[in-house]
Amino acid sequence: MKIRLYSSIGLVIIFILGATYIIQNNRPLVKNNEVYTSVSNNNSENAIELEYDMSEIESRSTKGNCWAAIDENVYDLTSWINQHPGGREKIIELCGTDATGAFEAMHGDSSKAKQALILLKIGTLNPSSNDK
Amino acid sequence: MTNKSLILLRFVWVALFAWFGTEQLLHPEAWAVNLPEWTGYLPIPAEALVQLNGWIEIVLATALLIGVHTRLVAVLLSFHLLSIAIEMGGAIGMRDMTLALMGLAIALNPPDDWTLDAKFKKK
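Chains as they are written, first to last, in this note's numbering: chain A, 77 to 208; chain B, 3 to 125.
Note that these hints are calculated values from the structure, not bench results. Some hints here could point you the wrong way.
With a straight-line Cα cutoff of 27 Å, these simulated BS3-like cross-link-like pairs (lysine-lysine) come out [unchecked claim]:
no., chain 1, residue 1, chain 2, residue 2
1, A, K190, B, K121
2, B, K6, B, K121
3, A, K166, A, K197
4, A, K166, A, K190
5, B, K123, B, K6
6, B, K123, A, K78
If you want a taste of the chain A side facing chain B, the calculated C-beta under 10 Å gives, among others [as the list claims (entries may be wrong)]:
no., residue
7, R80
8, L81
9, N158
10, M182
11, A192
12, I194
Glycine included, every Cβ here is placed at the ideal spot set by N, Cα and C.
One chain only, chain A, in its complex shape (with noise of 0.2 Å):
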């Protein structure tokens, strides 16, 4: 009975200790008076935002990576890989290109489509390289 007891006590505390790092290591950081975020500052609204030319997409689309340019931003899709829910392939075709038009097409207005593009996001993509 006291390993049972001392099991779930176990548990427990190995949960506290964990969601405690967790918490603890996604705290929003606050320095001068202007918030940072400790996982996702390319999300922030205060990160620098990086550009980037399509020519660094397309050398940075190698094999395991996949960045991609939708509507003027830069995606980091990656990690979406294996999480879309439409399937992999259509990630993979789209990596080191500018997949606007592919993504209008597939998703129109979707907001949980965008909603996903936002938590990817690295940076824009600078106005002048489409015109090279």
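For this one, chain A is given, so just place chain B on it according to the hints.
Chain B alone, transformed into the frame defined by chain A:
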């Protein structure tokens, strides 16, 4: 339900939640899109919520693996999965609901022989 089939069902369920829990811990950004809209009002970042959910699933899967409070843990995980099924809807919702009902089968039976619950009940 026979003892062997109950052990098999319990271990399959452990594997299911251990896998999903680990994925949520390692890739929270990919799972945050599945959070219900009301979680946006919570003072916790979406990625932290996903990781917390993953951590809960891993801890409960561990409890199910060693067999402490097996029936209670099975009920908790079933209702957790049921709420996800209702939120997701469609084909994914149907699949999750089936899995949730499989979990209820664990809860509706006495703990199998390979659980701590059964070992200490016999004494």
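Now the hints, each set against the structure:
About 51 Å separates the Cα atoms of K190 of chain A and K121 of chain B, which puts this hinted pair outside 27 Å; it is violated. A distance of roughly 16 Å separates the Cα atoms of K6 of chain B and K121 of chain B; the hinted pair therefore holds under the 27 Å criterion. Restraint check for K166 of chain A and K197 of chain A: satisfied, since their Cα atoms lie roughly 18 Å apart, inside the 27 Å limit. For the hint pairing K166 of chain A with K190 of chain A, the CA-to-CA distance comes to about 16 Å; that is within 27 Å, so the pair holds.
Among the hinted pairs, K123 of chain B with K6 of chain B is consistent with the structure: their alpha-carbon atoms are about 19 Å apart, no more than 27 Å. A hinted pair counts as satisfied when its Cα atoms are at most 27 Å apart, and K123 of chain B with K78 of chain A qualifies at roughly 12 Å. The beta carbon of R80 of chain A is positioned within 10 Å of a beta carbon in chain B (closest approach about 5 Å), and the interface hint is therefore held. Hint on L81 of chain A holds. Least Cβ distance to chain B is approximately 9 Å, under the 10 Å limit.
Hint status for N158 of chain A: holds, given a least beta-carbon distance of 8 Å to chain B, under 10 Å. Evaluation of the M182 of chain A hint against chain B yields a violated restraint, the C-beta minimum of about 15 Å exceeding 10 Å. Because the closest C-beta pair between A192 of chain A and chain B is about 4 Å apart, less than 10 Å, the hint holds. Look at I194 of chain A: its Cβ gets to within about 9 Å of chain B, closer than 10 Å, so that hint holds up.
Comparing the model with each numbered hint stated earlier shows that hints 1 and 10 do not hold.
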